[in-house]
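Each residue of the sequence shown is one higher than the one before, counting from 43 in this note's numbering.
The hints are simulated quantities; they were obtained by calculation from the structure and are not laboratory data.
We put the beta carbon where it would ideally sit given N, CA and C, even for glycine.
Mixed in with the good hints, there may be bad ones.
[As the list claims (entries may be wrong)] Below, simulated BS3-like cross-link-like pairs (lysine-lysine); rule was C-alpha separation at most 25 Å, straight line: (1) Lys132 x Lys106; (2) Lys407 x Lys446; (3) Lys180 x Lys390; (4) Lys106 x Lys180.
[As the list claims (entries may be wrong)] Pair ranges (Cβ atoms, derived): (5) Asp138 x Trp70: 38 to 48 Å; (6) Pro358 x Trp70: 17 to 27 Å; (7) Asn464 x Arg96: 45 to 55 Å; (8) Pro358 x Arg171: 28 to 38 Å; (9) Ala438 x Lys303: 35 to 45 Å.
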Amino acid sequence: MATGISLPYGKQHISFNVPDENLVGVFWPSAIEACSNPHQEIERALDHPLGTQRIEQIVSAGEKVLILVDDYTRATPVPLILPHLLERLKSRQVRDQDITLLVSTGTHRPCSESELREKLGEELYGRYRTEQHDCTDKSSQAFLGLTTRGTPVWVNHLLLENDRIFGIGHIDPSDYAGYAGGWKLIVPGVAALETIDSNHALATLSFRHYGSVDLPCRQDINEAGGMVRVDQFINVVLCQDGQIGRVFAGAPAEIHSAGVKLAKQVYEVECPGPVDIAVVSAYPYDVDYYQAIRAVEYADVIVRPGGSILVVAPCPDGIGSETFYRLLAAPDRHPDDFLRNIASRNGKVTYNVLGYFLTLIRAEKQVYGHMPGITGTELEAIGIHPVASLQSGVDAILQSHGPKARLAVLPVGSATIPRLVNTH
Numbered sequence: 043m044a045t046g047i048s049l050p051y052g053k054q055h056i057s058f059n060v061p062d063e064n065l066v067g068v069f070w071p072s073a074i075e076a077c078s079n080p081h082q083e084i085e086r087a088l089d090h091p092l093g094t095q096r097i098e099q100i101v102s103a104g105e106k107v108l109i110l111v112d113d114y115t116r117a118t119p120v121p122l123i124l125p126h127l128l129e130r131l132k133s134r135q136v137r138d139q140d141i142t143l144l145v146s147t148g149t150h151r152p153c154s155e156s157e158l159r160e161k162l163g164e165e166l167y168g169r170y171r172t173e174q175h176d177c178t179d180k181s182s183q184a185f186l187g188l189t190t191r192g193t194p195v196w197v198n199h200l201l202l203e204n205d206r207i208f209g210i211g212h213i214d215p216s217d218y219a220g221y222a223g224g225w226k227l228i229v230p231g232v233a234a235l236e237t238i239d240s241n242h243a244l245a246t247l248s249f250r251h252y253g254s255v256d257l258p259c260r261q262d263i264n265e266a267g268g269m270v271r272v273d274q275f276i277n278v279v280l281c282q283d284g285q286i287g288r289v290f291a292g293a294p295a296e297i298h299s300a301g302v303k304l305a306k307q308v309y310e311v312e313c314p315g316p317v318d319i320a321v322v323s324a325y326p327y328d329v330d331y332y333q334a335i336r337a338v339e340y341a342d343v344i345v346r347p348g349g350s351i352l353v354v355a356p357c358p359d360g361i362g363s364e365t366f367y368r369l370l371a372a373p374d375r376h377p378d379d380f381l382r383n384i385a386s387r388n389g390k391v392t393y394n395v396l397g398y399f400l401t402l403i404r405a406e407k408q409v410y411g412h413m414p415g416i417t418g419t420e421l422e423a424i425g426i427h428p429v430a431s432l433q434s435g436v437d438a439i440l441q442s443h444g445p446k447a448r449l450a451v452l453p454v455g456s457a458t459i460p461r462l463v464n465t466h
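Taking the hints into account, I'd like the entire structure generated from these sequences.
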């Protein structure tokens, strides 16, 4: 007998079968109940903020307000949340022309017009001044100082030109910062590339320590973000289907601490292992390989040395960057090469950190990919065995490991941190 499994795949699903005798389990994030009334939940959070006053007690008429929102790579339901924030600003006689929306892109490309419409919602798109952060434009950034770890903190000048700062984001696993949310809207969200590179250089210490909020990279993010006078952030923890599970509003540190407690219950799952094979969908971060890599990192945790990882992602944007592709495709790369690049700031630090992680993983395990948005030649060049169809790939990998192969499935692989139990 075989079990049919359906994986989220972009905005669709893709299916395959696994013999029952080989299947260890399908490990979804833990289900939490979606809010029956998300608008009510948003209002509850705004009425009872953590560590700050209510918006109505913070803002005065005539003040200029900056609102940070995350970008196209994040599933935050901004169109649901933003109107509640705007309504409270309106109640304090804040004028539309005094409100600016700033998209926290970090090092990502800008949102396209259609992505921005989807991110803000049709009703709000075009109504307010909207800017997209450019981490490479030093002329648009202001210097705030150094963190204790030596990170030079440069941020978008709009943070200093507005009277009030609010932000909307969400909390889910981050491979280098433990969990997203909180101060990540500032760093890397609206920081300079120099700042992001310095901070992300600390991420080499995060390898296989996923889900920890005590990582040096996260601590540096918190310190750098704390240099900005933020009035209130709103973070959400989402259910599997993208619906709102819980909303947290207030001071960035307080809401992140409270939100991570719930997020850990959702995203950290127990898996008996180690296993021989992990089939992992890179959903929800499957727009390109740069985003999808975290699925490989998380799957690596449960796969034994000598095992195989099959990552499944549509990757409509391909590798994600020609520079990143050239870095990964360079022949005879050793982990130390990436560490030297990071130390000397030779190339984009984030790319080198991920290259370092991938080289360590590929030294122990075979990585396969069903990624139609990337050519087979490109996949082979970056050390991934291309798989034409998901089912044929699963069948071939199972055959290579023999009849007793143990296979685990992570359907939401970019947002699932597996924890090994009952190891043998």
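Point to revise | Asp138 versus Trp70 beta-carbon gap, inside 38 to 48 Å or not | key: Since the Cβ atoms of Asp138 and Trp70 sit about 42 Å apart, the hinted range of 38 to 48 Å holds.
Exercise for review: Compare the distance between the alpha carbons of Lys132 and Lys106 with 25 Å, and conclude whether the hinted pair is satisfied.
Suggested key: Cα-Cα ~12 Å, so holds.
Exercise for review: Take the C-alpha atoms of Lys407 and Lys446, compute the straight-line distance between them, and say whether it is at most 25 Å.
Suggested key: Between Lys407 and Lys446 the Cα gap is close to 18 Å, so the pair holds against 25 Å.
Review point. Would you say the C-beta atoms of Pro358 and Arg171 sit inside 28 to 38 Å of each other?
Key: holds (30 Å)
Practice item. Below or equal to 25 Å on CA atoms is what counts here, so check Lys180 against Lys390. Key: Given that 25 Å is the threshold and the Cα spacing comes to 16 Å, the pair holds.
Check your understanding: Are Asn464 and Arg96 spaced within 45 to 55 Å by their CB atoms?
Key -> holds (48 Å)
Exercise for review: State, for the Cβ atoms of Pro358 and Trp70, whether the hinted interval 17 to 27 Å holds or is violated.
Suggested key: Hint holds: Cβ distance 24 Å, inside 17 to 27 Å.
Point to revise | 25 Å limit on alpha-carbon distance, applied to hinted pair Lys106 and Lys180 | key: holds (23 Å)
Review point. For the pair Ala438 and Lys303, does the Cβ-Cβ distance stay inside 35 to 45 Å?
Key: holds (42 Å)
Every hint, counting from the list given before, is met by this structure.
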